[in-house]
Structure formats: structure tokens, C-alpha cells
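Asker: As a plain string of letters, each chain reads:
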Amino acid sequence: MSIKLGIPAIDDVIDIPTGKVVTYCVDPEVEGDVFLMQTLHKNSEKCKCTLVITNMSPMVARNKFKEFGWNINFPIVDAYSGLVGDLSNEKYVVKDPSNAEELSRIVEDAIKENDLVAINSLSTMIDLCGERIIVEYFKNWGKLATINNSVLVVNFVAWPYDEKIINTVKACSNAIVKIGGIHHRVIIGQYYGLVKVDWTEVRRKSVLFKVVKPGGVRAYIPKILVTGPYNAGKTTFVHAISNKAVSVDRLGTTVALDHGHVEYKGFTIDIFGTPGQERFDPLLKMLGGEAFGVIVVIDSTKPEDFPRAKEMLEKTTKFGLPYVIAANKQDLPNALHPEEIRKRMSLPTNTPVISMSAINREGVYDVLDALLKILLG
Amino acid sequence: MIEFDGNVMLFGSPLTGKTILARNILLNELKKGYSGIYITTNDVGEDVANWFNEYNAKIRIIDCISKTIQPNSTDTEVIKRVTSPIDLTGVSVQLNKFLETNCKSGIKSIVIFDSISSFLMYTNLQTVYRFMHIITRRIKVTKSKAIYIVHDGMHDDKTIATLKQMFDGVIEVKEEDNRKFFRLVSSTHKTDWKEFSIKGKKVIV
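Taken in sequence, the protein lines are chains A and B.
Numbering-wise (our numbering), the first sequence opens with residue -1 and increments by one.
Numbering-wise (our numbering), the second sequence opens with residue 1305 and increments by one.
Do not take every clue at face value.
Claimed, not checked - Computed footprint of chain A on chain B; a stretch qualifies when at least three of its residues, placed anywhere within it, have a C-beta under 8 Å from a C-beta of chain A:
#, region
1, 1339 to 1345
2, 1353 to 1362
3, 1400 to 1408
4, 1427 to 1436
To be verified - Subject to a maximum C-alpha distance of 30 Å in a straight line, what follows is the list of computed DSBU-like cross-link-like pairs (lysine-lysine):
#, chain 1, residue 1, chain 2, residue 2
5, A, Lys46, A, Lys64
6, B, Lys1336, A, Lys308
7, B, Lys1362, B, Lys1462
8, A, Lys308, B, Lys1401
9, A, Lys313, B, Lys1408
10, B, Lys1447, B, Lys1494
11, B, Lys1362, A, Lys308
12, B, Lys1484, B, Lys1506
13, A, Lys208, B, Lys1506
14, A, Lys316, B, Lys1447
15, A, Lys313, B, Lys1506
16, B, Lys1335, A, Lys313
Stated by the list, open to error - A partial selection of chain A residues facing chain B, derived with a Cβ cut-off under 10 Å:
#, residue
17, Val24
18, Glu29
19, Arg60
20, Tyr78
21, Val82
22, Ser86
23, Lys89
24, Tyr90
25, Leu142
26, Ile186
Hints listed in this document are in silico derivations from the structure and should not be mistaken for laboratory results.
Positions of the beta carbon are idealized from the N, C-alpha and C atoms, including for glycine.
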């Protein structure tokens, strides 16, 4: 027997056989708790499930499921009420959740009696009872799940714990789904991907997602905008980098949109080339916050166009999007050096200016790399 | 009223007017064009919103307490509720969302944590420390400001010392002979004690 995690893109590549431990490893500040809930929702009618809660009351937990449009019709292991002095009528109750021994005993009961046990926050348990002791118990729960043919799914928020603790949690997990944030001052996007599966080979793939209510995790394809002054080589760039691309153009200049598609470093990325500044704002709106970066292509031989490029940069900054400068036409003899371009455009030293020759497909991936480096750190 | 940058702790005995002082500092920063974010662990979100409404001040609130009293309470446009004061992950997620909105509109934020002492009642120092580590860094990179209220007398010296080292400065509040004073102490400078009084909701320096 096996279960599905109920997460888009991951369900396509793996089933979880019984006896396995799956960890959702969540970066702080990222909306990760929905993943575990979605896994429960997916399986609650097919097998015996239970949810261990440590940081909210059972009623709040039920409401959270309702917000996503999901019904919670499985028992709860209540390891919260005891902490705040409330009474509990749940099937499993941990009277003193800060007592690791009692907590573990009840979790063990839950594992023995259910096919799928979901722990809503391993991190809260660690915070309450101590790092080492909970990690030890976690190892045992995994073994118990293997013996009992049940699946253990846990949420683990990767706060800056001792590295040993994080590594042990990872080592005890048969599969890890990493849920991370794309940082640019704040987190502007969230992604997830399988980073470990120890029983079969899978291709690593990351997916960007949003959380919608009702509905849950919705994966989407990240979009990168390519902009720049007239005749800088935006279309050539989009075609050079894409696995497939189309352009709507007339007399050699783009009047509507370039659209390309690139598979790179586990991400599937949509690339949109814009014809000019006027259409930039509505395009950003149309992408509905799914744009996660901007590439500004400039013609390195035409310093007279730099002010206009700079103007476009200011627009993207307004939207809080990270950007890189692609210094195109570096193959031409009179092309300015990227550092010279930085100086003339008075760009900050941390803005990447990458030399490129779109027509020869040289440096195009360096540009993408520079942008991904800003985004993923 | 008081000029500061980055992350500061607002430290003093209970009932010395720390909350009102923090709220007045926030009002002051709003006038400079900052956007206000208030994290409450004691008052429900509506009470905080009402307090600021009288000044026509629009702020956004992360409410850590309502759901522990009223599990059915729902979010509003400006009040987002996390499941409980233990749910530091929820606080960090919500705070990031607010900061993101401000960042995208090119607005800087002023954040009030009212209070860190309450977080410490529900979770241990180490956990709060890890949480603060993430939060203080986020405040810095977004060029925001934040005030963290800590009650004197509720924690041992080690806790206070551990907390202090995370901040760029401390606003100390004291009361002597029914007169209230505050000063800002940072690694680089120390202001003189300034007397203040509270009239209704207003702080007068």
C-alpha cells in the first residue's frame, strides 16, 4: 500500500510506501503548514489518519481546515490544551505537552492505531521539550511507523537550530520536501521541491507556489520579464535562452510580446519580453504578482540609450522586483565594458551587470544565473 | 520624540507606560511616512485598531491572542490572527507578508512587538531567540524600524542580557517619585533621561 502526498508536481513523481517518514522542511517566514494539512485532506477518506497538534487548539485546527474548504473528520492528538490549562475531549490527549515522555507515549499510540500520522510542528515539540530528547523520540517514531506499516508526516520549521539537530531530523526522514522562500529584501515568492527520497530515484524539481483559500497549495510557473530600450536585443535574448519561444512582431521589432520557456536548474520558467515601457505596467499587473525578476537588456554600444534603460529600472524597483543588467552586443568592437556601463549608469556595486552576446548565445545563462542567485541566495 | 534606527528594546517595569510610549512613537513615525505594524499578545486586534482609529491612524495588526479566546474569530483586511502566542512561525509568515506589501509600494515600516515578555511566557528563551534572530535581520534588510517591549521584573538577568545583545539599542523607562523618565542607550551613545507624562493616550515629553 502507498499514499499520495496530495501536493501538485510531487504526486506525479512519487508515491509514499507505508513505513516511511516524510518531512516538510519549512524555512521560517514561509507559509508551510498548509502542506501537511493538504496531505491529510488527500488521505483522510482513504485511510485512518490523525493529526498531532502542538501550537493551536483543536477548534482552531478544525477552522483552519475549513478555511481551505476541507473537512476534518479524523481524530486529533491534542498536545496543546494541556499547555494552556484547557480541558480536551479529543481522542488522544497529552495532559502535559512539555513532558516528552508522555508526549511520545501518546504519539506512539497514534502511530500504532493509524495509517497516517501527521505532526503539525516538530519544531514546537523541540522548543517545548528540548532538542535532543525530541530528536531521539522522533527516531523511534520512525522505526515504529516502519514496524506498523504506517506513514509519518511531519512539519519541521528550520529555525536556526544547532546544525546537528537539523541534520539528524533530515537523516531520520526517508523523504524531505523543502519549502523555501525567494528573498529580495522580503520573501517575494515561495517554492517547494523534493530534496531527498531514499527508496527510489527521482528527478529534482522545484515549483513555485501560492496558497489559496479555499484550495490550498497552487503551483505556478515563475515569470521573468525582459525589458530594455529599442533594438537592444530583447527578442534575440528571449529566443537564445528559451527551449521554445514565439514572438509577435512586425518589421523586425516586437509589437506585442516575446514569450519563451526555459527549463533550468529544476525550475520551469516563463520568459516574457516586453516591447517598451508603456506596456510594462499592465503586463506586470497581468502577471498577477507571479513575476519574480527582471532582466534589463541594453545595447553596450549605445550609451545614449542608457538613460532610458535606467528609467525602466526605476519602474521595476517600484514593484520591488530584483533585476540584473544584461550588457548585450559584447561581440561588437565598440562595446563598453560592463564596469564602464555600471559607471555610466551609476548603478550600485551589488547590481549584476553581465556581459552577453545574445546573437551568439554567449553569456545568456550567466544572466539567468545572476538573477537566480539574487533570488535563491 | 525619540530618534532611533533598526531594532530597539523598550524596557521597564510594568505600569510605567511602555505600551503608550511605544504607540506614541509609532504615531510619530507614521507622520514621517512610515507604515505601522503592531504585533499584539495582550489586547485583541480590534482593541488595538480602535486605539489608533481615534488618531485616524491606519495600521496593520498581527493578533496572537484572539484565537485562544475565540477560536472562530476571523481575519480582517488589517487584522491577521495567528493560532496562538506559541505560533511564532505564524507571526513570522504574517509579518513578512505585511513587510512585502510595504516594500512593493516603496514604504518603510515601523513594527511594535507588544510584547516579547508574553512570547517568553509561552515559549523558552532559546526559541524566542531563534525567532528574534530571523526577525531582527528581516527588519534590517527592509530598512524598517522595530520596538520590542520587554517587562522588567518578569525575567532573570541572563534572559535580559541575552535579549539585549540582539538589539541596536535599548529605550529604558523608569519611574521615580511618581515621575516617569526614558532614555535611549546604544553602543554608540546614551541620551539623558527625559521626563514624560501620560495624558489620556498622549505622551508629553
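Asker: With 10 Å as the cut and Cβ atoms as the points, is A:Arg60 at the interface with chain B?
Answerer: 8 Å, holds
Asker: Holds or violated: the hint that A:Tyr78 contacts chain B, with Cβ atoms closer than 10 Å.
Answerer: Since chain B brings a Cβ to about 7 Å from A:Tyr78, closer than 10 Å, the hint holds.
Asker: Closer than 10 Å between Cβ atoms is the bar; does A:Val82 clear it against chain B? Give me holds or violated.
Answerer: Interface hint status for A:Val82: holds (7 Å vs cutoff 10 Å).
Asker: Check whether the Cα positions of A:Lys313 and B:Lys1408 lie no farther apart than 30 Å.
Answerer: Distance of about 11 Å is within 30 Å: holds.
Asker: Answer holds if the nearest beta-carbon of chain B is closer than 10 Å to that of A:Val24; otherwise answer violated.
Answerer: Result: holds, 7 Å to nearest chain B Cβ.
Asker: Check, residue by residue, whether the region 1353 to 1362 of chain B contains three or more positions whose beta-carbon lies closer than 8 Å to a beta-carbon of chain A, and give the verdict.
Answerer: violated (count 0)
Asker: Do the numbers back the hint for A:Ser86, that is, is its least Cβ distance to chain B under 10 Å?
Answerer: 13 Å, violated
Asker: With 10 Å as the cut and Cβ atoms as the points, is A:Ile186 at the interface with chain B?
Answerer: Holds, about 6 Å.
Asker: Holds or violated: A:Lys89 as interface residue toward chain B, Cβ cutoff 10 Å?
Answerer: 19 Å, violated
Asker: Take the C-alpha atoms of A:Lys46 and A:Lys64, compute the straight-line distance between them, and say whether it is at most 30 Å.
Answerer: Given that 30 Å is the threshold and the Cα spacing comes to 20 Å, the pair holds.
Asker: Would you check the hint for B:Lys1484 and B:Lys1506, treating anything up to 30 Å between C-alpha atoms as holding?
Answerer: Answer holds: B:Lys1484 to B:Lys1506 is near 14 Å, not above 30 Å.
Asker: B:Lys1336 and A:Lys308: Cα distance at most 30 Å?
Answerer: Holds, at about 28 Å.
Hint violations for this structure: numbers 1, 2, 7, 11, 13, 15, 22, 23, 24 and 25, all remaining hints satisfied.
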